[in-house]
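Keeping their order, the protein sequence lines are chains A and B. Sequential numbering from 1 applies to the first sequence in UniProt numbering. Sequential numbering from 1 applies to the second sequence in UniProt numbering.
Since the hints were derived computationally from the structure, they do not count as laboratory data. Treat each hint with caution, since some may be false.
[Claimed, not checked] Below are the EDC-like pairs computed for lysine to aspartate or glutamate, each with C-alpha atoms no more than 20 Å apart in a straight line:
(1) Lys489/B - Glu62/A
(2) Lys382/B - Glu182/A
(3) Lys490/B - Glu110/A
(4) Lys341/B - Asp67/B
(5) Lys370/B - Glu110/A
(6) Lys382/B - Glu110/A
(7) Lys489/B - Glu76/A
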Amino acid sequence: MILEAKDLNYYYQDGEQRRYILKDTSISFEKGKFYTILGQSGSGKTTLLSLLSALDSPHSGEVLFNGDDIKKIGYEKYRRNNVGIIFQSYNLVPTFTAVENVLVPMSITENEIPEDTKTVAYNLLDYIGIVKNKADRLVNRLSGGEQQRVAIARALATNVELILADEPTGNLDEEMEQEIIEIFKKLAHEHGKCVIVVTHSNEIALQSDQAFRLRKGVLTSYE
Amino acid sequence: MNFIKRGFLGITRKKGKSLILLAVIFILGNLISGAISIQQATGNVESTVKERLGTAATIDIDYDEWDAMSDSEMESLEMEEISVDLIKEIGELSYVKYYDYNMTFWLGSESIERYQDEDLDDEMEEDMMFGPSMDFTLKGINYAPVIDFEEQKGKLVDGRVFTQEEVDGGSSVAVISKKLAEENNLNVGDTFTLANDVYTYDYNTGEGDLVTSRDVVLEVIGLFEPQEAKKETEENSESDMMVLMEDTEYYNTMYVPNEVVIDETKYNWEESLKADEELAEMMEEEEESFEYYSPIYYLNNQEDIEAFTEEVKPLLPELYTVISASDQYDNIAGPIESMSKLAKYVLIVAVIATVLITGLVVLLFLRDRKRELGIYLSLGEKRSRVVGQILIEVMVVAVVGITLSLFSGNLLAQQVSDTLMRADDNNEEYFEEYYYEGISTDLTADDVMDSYEVTLNSSYVLGFYGVGLVTILISTIIPLIYIVRLNPKKILM
Ligand SMILES: Nc1ncnc2c1ncn2[C@@H]1O[C@H](COP(=O)(O)OP(=O)(O)OP(=O)(O)O)[C@@H](O)[C@H]1O
Ligand SMILES: [Mg+2]
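Chain B with its partners taken away, still in its complex shape (with noise of 0.2 Å):
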């Protein structure tokens, strides 16, 4: 008749009570699984979706102030522009890998030929053209060893990326793609030419006139080819199309330093101008410069963006701000939040209501057998086994009623989620987002849920374990104490 065998026929013995025990346990698992799941699931969700965003940030005009301003307030406004030197300042914080900020501008070519997917109708490309070709993309670099090489945009497969003394001079080299050099028989270390054509336009007829042209001869000094990192979307012939249409385009780009993009702007720009007296008087007044970046930033972690934010906005002219992946999560992941932040209330009142239950009932329970455990006291049993018979009876009853709970708390937390998610899908909000490049994903609200996923790993199941256990051995342990503490007399006499 040990303590562990007085344990086990307590349980056995005091059937209605421990099943009530049981009961209580049993519900308030239910909250504590259920809301555990749902925050493990959400908790899983932020973590993937924000690995799959990346860590990119840009810096750009805050659209939703520019909208909500006021005609007036508009009138005001002095619009700063964002200096490369501030651009720089940014680029110099702790949080940032890499940046880099570019122009880019469209040439066009009588000696090489636009590579052309069969699949892509170029007659329609053909009749839409007019004024200026713009065949070609020419992205200007600042930092030598190509951004997009390194986030597997792309991936040079011949020769090499740029040195920083060519970037820093503005060297007539450029990378281009694997199948544009193919087409136009071009190698490592040839040379190429584009057309920088000058057109005015005429507003009444709508036609455009060349006036002047220059040719821009650049080296070939590396070949890149796109990464397939395009996932195989459902087959719908829309979206395929612009894809192939976005590839396209990239495989026309050419990367070259970005001081060859000035150039080559701030030519056409001022060509444009002197035959068009009009159009430079009217942007004399508006003092507007052709020199516009929008620069763009990798952090090292997915986790600093918050604080990247926090540090940036305050050197940033008024209007701007922090532009960075986390800010489409909030979009699009806005029904797993507030689950997440619902489960996170539940889960504390649940801890907490566990607590104070489940010490009631036990206290409940301790004061019918506090004469109990004075008998055993009297009998000279330690203190140490009084607690450890009654922890036996509580424990093997709060494990059972855990453990049941554990999966029911589970299957609930599915139960609930799907409806709540369903519930949310219908009235799907419409965002409407600004394009930015290497910053918006193609990730959507269906996506998010898609790797919501309700499951019993291991971390929660001892997780679950671990609050539940502890939860109720607290909740014994100090009532129970309380009786061994005192003297036998007082129970019995």
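Here chain A stands alone, though its shape is the one from the complex (with noise of 0.2 Å):
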């Protein structure tokens, strides 16, 4: 068990009235598995992921990552150390290359890492499908599915074991999100790593290991 999360709570406060968007929400992750959450728009998916990668803290419950609570670990610590965030919007640095894009955490990780960072930079790119002069443009001169895989690089320099996405592939054609998973089903069977998406596509939720439908602060198992 690599990830578990127990008892969330999270609310909006609507006046005297709090509005749940998680009520004692618990659910657990192991690694080398796909796993995608579903749920319709507002359901409180994005709510989930930001718990599950400390972006945010839930009112009451806990996460734990690898048992330890990641509020003991320092939250500003797990995402350096132990999670890769993947956003919709991408969220790249505009006025860097792909390149320095991914070298960024590779400066903030405490995890070890090969010495020659611009190296591994360029390999992890290219294995996700960025070549070498695509890799020295500016990310703004990038297409949507390019710039997505440099987000995903950049979530991979770390070397964690835990890919946290929020709707990777929302923003791209089919094609392209089926290239998209495709790496994700490679990260999670090839490299034993724990992959968590969170979407609204059938499609995607079909290919995954396990999925999870999110409604009303309910989690439930998907078939």
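Hints given; two lone chains; assemble the complex.
Okay, here's the thing in structure tokens:
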């Protein structure tokens, strides 16, 4: 069990009332598997993912990474060393080239990474499908699919075992979507990583090892 | 790709924005730099000029107020004189280093000769004389060590100054100039005789008649020499002549206990009244006294003058005021002062404007960068380093801008103050000045202008970097802290 959420509660204060987005939500994930979380728009998928990736904190409940409470590890440190996050809107630094974007987390993490970071970054990009001359381009001169690949390479650069993605293919066409999904599958099955993808696409859910559905703050297994 | 490298990349990759920030800092920097340099220059003028003006102060009628009075006011006015007790009371104030109050009287002599500079035409002097001889000036002393010597107007070169007993008892002793002593073969311990002649005047003919006379025998106890404090002024024959005449006057001055002067004045006064009934009647009506002092106070510190004036003014009778060298400074240094004030306002406004404008500009930049900062935070970067990165970006640009404006602002200040002072020079006002011994100086507005100098000294440089960098630091760090305190989800998702 690499990641486990226990009794997560998250709400917005609506005047006097609390509007719960997540209510006593519990879920667990294993290494080497590709997970999807399905749900309608506004069901709280992004919220759940932000709690799993320590971009936000729950009102109660805890998230355990390898059995340790991430609050104890420290949110910043957890993000730095244990998790790779991929966003729907890529969130790359627009003034940097693709390879520079990949280099950023490598200078932040405390994980052990090869000394020749630049070569590693180029190789990583190449593996994900970004060739050298595109790697040296400013990222805002790359297509959406290419940018998302750079974002995946960035998430992998720190050698983490846990990849979290929030609708990573939401802005891409079907062909590109499938290519990205193939990458996720490979990461889970060949490299033993735990990949959790939030989506509203049934297609993607069907390709995952396990899918969950989030509805009215309650998480159920989806077959 | 650590935060330092990211900071520098942030500058070079966004040249347009960096240039805008640079321009803003440069322009505001010029204002601050110019204002600081003018302030420093005026500060220098004030301290150097005031030092030259000295710490002397006296009490006299406020002639400005006097002139402003109407005739009816003048008639109802009861002029009070300054009493010796009041002079002493003021002299006991803690600001006062030492003080004196003198009477002066002029006497001639049969037995000794006046010292005369060869360059000065003494024929002319002789012709001008009628009535009692005024060859020698007797200056009364109440402060035994003699203030003129303490203040380096003169220097004791032989013998001694007075003792307190001599001053209190009015002993017949004198300190005279070395030149005068040499002229008359006098040494310390010798005595000489002056004549106190009493004349009456015939107002119709303008002639004077000698009525009576008495001898004044004084013992020489010390010799002094004038100090060459007088600087070489411009080669102006007229002012040279003035200086020469002043010097000659000083060579013929004798310091004696004030009681001696009172005594001789009183004798002369009373004998004159005896001989001239008309005058006696007139004087009786007016209740005029022959005893009149203008005291002189030397303060411990130039800065004390204001406080001293404040404290003394309530003690004085109506129409009297404290006159000090600072008054002269105010007259002379008007243009400088107004420039200093202007610079102060400019500085305050410039600093406020800098905080606001750079704050605003940085805020606009940060709004654009908010997402980028969120990315670093989502990657687990420490908040301090995210702040550090932006500070590097802003501060590097700021240091360049400040350094440029340091020099150009200084040049600007020179230019501006030159123009201002030249403009002021043209409509320079001439003040009707009353002369006060020991207080009035030959300091002119030009001297003040000369000591005004806009320079680039180290305290200015440090001060400017300090003010500039702190201003920009504050206007950057406040919005920055607001951003990095948000959780990354709010920024990114
Ligand atoms: N700042 C906020 N204040 C109040 N409610 C909010 C706020 N942000 C989000 N919500 C609500 O929280 C709920 C969950 O939002 P969340 O972004 O997790 O949904 P989602 O499942 O990711 O939706 P989508 O598929 O459209 O991305 C939504 O109903 C949303 O309206
Ligand atoms: Mg969402």
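Evaluated hints:
Proposed proximity of Lys489/B and Glu62/A is supported: the alpha carbons are some 18 Å apart, at most 20 Å. Simply put, Lys382/B and Glu182/A have alpha-carbon atoms about 33 Å apart, too far for the 20 Å limit, and the pair is violated. Of the supplied pair hints, the one linking Lys490/B and Glu110/A is violated, its CA atoms being roughly 25 Å apart against a limit of 20 Å. Annotation: proposed proximity of Lys341/B to Asp67/B is violated, straight-line Cα distance about 30 Å (limit 20 Å).
Straight-line distance between C-alpha atoms of Lys370/B and Glu110/A comes to about 25 Å, which puts the hinted pair past the 20 Å bound. Between Lys382/B and Glu110/A, the direct Cα distance comes to roughly 12 Å. Compliance with the 20 Å bound is thereby established for this hinted pair. With a CA separation close to 13 Å, the supplied pair Lys489/B and Glu76/A stays within the 20 Å bound.
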